[in-house]
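Each chain, written out:
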Amino acid sequence: MGAVWSVFAKEFLENLRDRRTVMTALLLGPLFGPIFFSVMLQLSLDRTRVGADEIIQLPTINGAAAPNLLAYLQAQHIRIVPMDHDSTGRQELQVADRSESARQLIAQRTARLVLEIPAGYGASIEAGRPAAVRLYADSSRTGDERYAARVSAVLERYAQQIAMQRLTLRGVDPQLLAPVVVQRVDVSTPASRSLLVLGMMSFFMVLSMLTGGMYLAIDTTVGERERGTLEPLLATPAPRGQLVLGKMLATCAYMLLSLTLSTSALCIALGRIDLEQFGMSANLGPGTAIRIIAVMAPLIPLLAALMTLIAAWTRSAREAQAWLGILQLVPSVPLVFASLLNLAPRLALMPVPSLSQHFLVTQLLRAEPLDGLWLAASAGSTLLLGALLLVPVMRLYGSERVLG
Amino acid sequence: MIEARELRKRFGRVDALDGVSFVAPDARITGLLGPNGAGKSTTLRILYATLAADSGTACVDGDVVSVANTALRRRVGVLPHNAGLYPTLTARENIEYFARLCGLARAAARRRASELIELMDLQDIAARRAKGFSQGQKIRTALARALVHSPRNLILDEPTNGLDVPAVRKLRALLLRLREQGHCILFSSHVMQEVGMLCDEAVVIAAGRVVACGTPEALRQRTQAASFEDAFVALTGDTGENG
Numbered sequence: 402m403g404a405v406w407s408v409f410a411k412e413f414l415e416n417l418r419d420r421r422t423v424m425t426a427l428l429l430g431p432l433f434g435p436i437f438f439s440v441m442l443q444l445s446l447d448r449t450r451v452g453a454d455e456i457i458q459l460p461t462i463n464g465a466a467a468p469n470l471l472a473y474l475q476a477q478h479i480r481i482v483p484m485d486h487d488s489t490g491r492q493e494l495q496v497a498d499r500s501e502s503a504r505q506l507i508a509q510r511t512a513r514l515v516l517e518i519p520a521g522y523g524a525s526i527e528a529g530r531p532a533a534v535r536l537y538a539d540s541s542r543t544g545d546e547r548y549a550a551r552v553s554a555v556l557e558r559y560a561q562q563i564a565m566q567r568l569t570l571r572g573v574d575p576q577l578l579a580p581v582v583v584q585r586v587d588v589s590t591p592a593s594r595s596l597l598v599l600g601m602m603s604f605f606m607v608l609s610m611l612t613g614g615m616y617l618a619i620d621t622t623v624g625e626r627e628r629g630t631l632e633p634l635l636a637t638p639a640p641r642g643q644l645v646l647g648k649m650l651a652t653c654a655y656m657l658l659s660l661t662l663s664t665s666a667l668c669i670a671l672g673r674i675d676l677e678q679f680g681m682s683a684n685l686g687p688g689t690a691i692r693i694i695a696v697m698a699p700l701i702p703l704l705a706a707l708m709t710l711i712a713a714w715t716r717s718a719r720e721a722q723a724w725l726g727i728l729q730l731v732p733s734v735p736l737v738f739a740s741l742l743n744l745a746p747r748l749a750l751m752p753v754p755s756l757s758q759h760f761l762v763t764q765l766l767r768a769e770p771l772d773g774l775w776l777a778a779s780a781g782s783t784l785l786l787g788a789l790l791l792v793p794v795m796r797l798y799g800s801e802r803v804l805g
Numbered sequence: 308m309i310e311a312r313e314l315r316k317r318f319g320r321v322d323a324l325d326g327v328s329f330v331a332p333d334a335r336i337t338g339l340l341g342p343n344g345a346g347k348s349t350t351l352r353i354l355y356a357t358l359a360a361d362s363g364t365a366c367v368d369g370d371v372v373s374v375a376n377t378a379l380r381r382r383v384g385v386l387p388h389n390a391g392l393y394p395t396l397t398a399r400e401n402i403e404y405f406a407r408l409c410g411l412a413r414a415a416a417r418r419r420a421s422e423l424i425e426l427m428d429l430q431d432i433a434a435r436r437a438k439g440f441s442q443g444q445k446i447r448t449a450l451a452r453a454l455v456h457s458p459r460n461l462i463l464d465e466p467t468n469g470l471d472v473p474a475v476r477k478l479r480a481l482l483l484r485l486r487e488q489g490h491c492i493l494f495s496s497h498v499m500q501e502v503g504m505l506c507d508e509a510v511v512i513a514a515g516r517v518v519a520c521g522t523p524e525a526l527r528q529r530t531q532a533a534s535f536e537d538a539f540v541a542l543t544g545d546t547g548e549n550g
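Respectively, the protein sequence lines represent chains A and B. Going by our numbering, the first residue of the first sequence is number 402, and it counts up by one from there. Going by our numbering, the first residue of the second sequence is number 308, and it counts up by one from there.
Just so you know, these hints were derived from the structure itself, not from any lab. Every value quoted in this text rests on a predicted model; they were computed, and no experiment measured them. Hints may contain errors.
To be verified - Where chain A lies over chain B, by a calculated footprint (3+ residues, C-beta under 8 Å):
1. 384-390
2. 401-410
Stated by the list, open to error - A few chain B residues facing chain A, derived, Cβ under 10 Å:
3. Tyr355
4. Arg380
5. Thr395
6. Leu396
7. Leu483
8. Cys520
Every residue, glycine too, gets a C-beta built ideally from N, C-alpha and C.
Work the whole structure out from these sequences, hints included.
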């Protein structure tokens with residue numbers, strides 16, 4: 402088996418000397434990916450937090466017609482900005498221009514929302530008829546939607562309050578209007594809630610494994626053929642099976658390196674985000690990182706064999722790159738099916754590579770205990786598939802097809 | 308001794324080899340001579356087992372060559388077309404890597420590489436990466452690599468390709484020395500003068516068939532040509548003048 406280690410050492414060293422490749426494979430993917438990911442997460446979390454206690458500016462047209470309503474809104478952290486003059490600020494707005502003026506304010510992005518109190522508001526309220534108020538907003542601006550939602554909720558509460566007063570005045574119990582009350586009980590724990598975001602982690606790790614090993618898988622097979630070094634290599638007395646094994650081991654080593662880097666980087670980067678603050682918690686200690694790597698590791702030989710087989714079978718390094726680009730989507734197929742069919746983790750699904758690793762990593766992040774049988778089924782079947790893939794790889798290297 | 312017996316090989320619809328037979332004896336330099344596309348490289352590849360013949364047998368020292376016969380490959384050193392060095396490895400690393408693949412232990416591989424670096428006059432480039440080597444430096448390094456396991460038989464595919472005159476002379480001196488040590492040397496070329504000067508025996512191959520063999524002088528006399536080059540043209544029937 403001496404040739405296996407000689408080939409492994411040489412391929413490992415040769416790839417390490419190619420600094421650009423090492424930089425892209427090991428730095429760009431596994432290190433910048435998690436940083437980018439956590440910055441995005443932080444930003445999206447910041448936005449939801451700001452919504453809850455931010456004071457909303459609400460330009461209001463003809464506010465003088467509804468003093469009670471405005472007082473109520475102001476008590477709810479909504480600041481009323483009177484808008485009773487045209488854009489020059491001198492002339493008072495005509496009734497006919499009010500709607501047009503509100504639309505303009507939003508179109509010019511000077512306001513997110515505009516409230517218009519129509520002329521007949523006071524009369525309708527007094528008469529006990531439905532009184533319309535108009536809330537202008539642009540629903541295509543996703544960021545503004547939650548402001549509109551908050552203001553409408555406040556307006557609805559105000560309406561309800563008036564309704565209750567009216568009913569009470571007429572001697573009717575307001576409770577009659579609420580025959581059924583829905584009480585939603587959220588049973589998610591902080592850890593499970595954070596999974597909405599962290600569920601992507603397993604996919605991200607598979608991706609970083611693939612990019613970590615892709616260059617070597619191409620370089621040691623079709624790349625070596627293109628440079629004309631494969632022929633003398635195959636003419637040496639070393640058995641071809643050992644040559645292939647050495648090459649695949651080197652690919653595996655870089656994949657493991659990439660996986661370790663990306664997992665550590667993700668755990669550190671996400672650990673810096675204060676997830677608890679948002680009612681989430683991610684279980685991201687070094688112990689979890691090591692367990693995640695151990696759960697994902699059986700995928701390495703399988704993916705390395707798959708990449709080696711495809712790369713050795715193609716005619717050129719360019720073609721190999723195209724095929725391996727497509728291959729990056731393959732591990733996500735089981736995940737997509739699982740989420741479409743709403744599959745829950747169970748023993749019968751554990752032999753499916755990629756899917757089982759996704760479930761197990763998710764469990765680790767939830768801080769749930771892992772079932773030994775599930776672990777064995779996942780690792781066993783993934784490793785077995787990897788070993789089976791060795792058969793066509795060896796057959797390809799035993800034939801002259803490998804020389805193109 | 309290297310022997311080809313009735314080698315046939317088809318690539319798709321093209322008959323690359325159509326029954327090639329010859330013998331390259333020990334302590335002789337045998338030149339495989341032919342125009343481009345005659346089947347020289349295909350013949351050599353079958354002899355060092357990276358291609359399999361459709362029919363016929365390739366033998367080295369009387370044993371049949373095959374992918375599985377790794378023991379036999381210990382007796383063959385190969386210099387492939389264009390040298391085939393790893394550009395990111397140094398000359399020494401290229402040699403040591405192949406020494407390890409031939410089963411030498413680390414210390415033995417290092418010793419053997421040092422010997423060959425001296426033999427091939429590679430001291431000044433031993434620690435340099437092969438990327439910027441001249442053609443002559445490449446061929447000498449690749450030849451050192453081919454000799455790493457002291458094989459009795461040497462197969463060289465176009466070793467003089469792209470070499471300048473001093474480099475060709477250096478190579479010739481080296482091959483003559485190896486011949487004196489009793490090695491069997493088989494090389495291919497399409498340059499007549501070289502074959503005429505370098506080899507003891509010439510095997511002329513055209514369109515996948517052996518059209519003549521013998522010493523360069525005998526071939527010249529047989530065709531009654533003034534030079535070996537004219538003899539080659541007469542034998543292969545390819546004047547190169549009518550396209």
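Hint check results:
Note: the region 384-390 of chain B has 6 residues with beta-carbon separation from chain A under 8 Å; the three-residue rule is met and the coverage holds. Figure legend: the region 401-410 of chain B, annotated as covered by chain A; annotation consistent (6 residues with Cβ-Cβ distances under 8 Å, at least 3 required). Contact between Tyr355(B) and chain A, as hinted, is supported at the beta carbon level, the nearest pair being about 5 Å apart and thus within 10 Å. Satisfaction of the interface hint for Arg380(B) is found here, the shortest Cβ-Cβ separation to chain A being roughly 4 Å, below the 10 Å cut-off.
Interface restraint check: Thr395(B) against chain A, minimum CB-CB distance 5 Å, threshold 10 Å, status holds. For Leu396(B), the interface hint holds, since its Cβ comes within 10 Å of a Cβ in chain A; the closest pair sits about 7 Å apart. Residue-level restraint check for Leu483(B) is violated (minimum Cβ-Cβ distance to chain A is 24 Å; threshold 10 Å). Interface hint at Cys520(B): violated, since its Cβ lies 25 Å from the closest Cβ of chain A, which is beyond the 10 Å cut-off.
Violated hints for the displayed structure, listed by number in ascending order: 7, 8.
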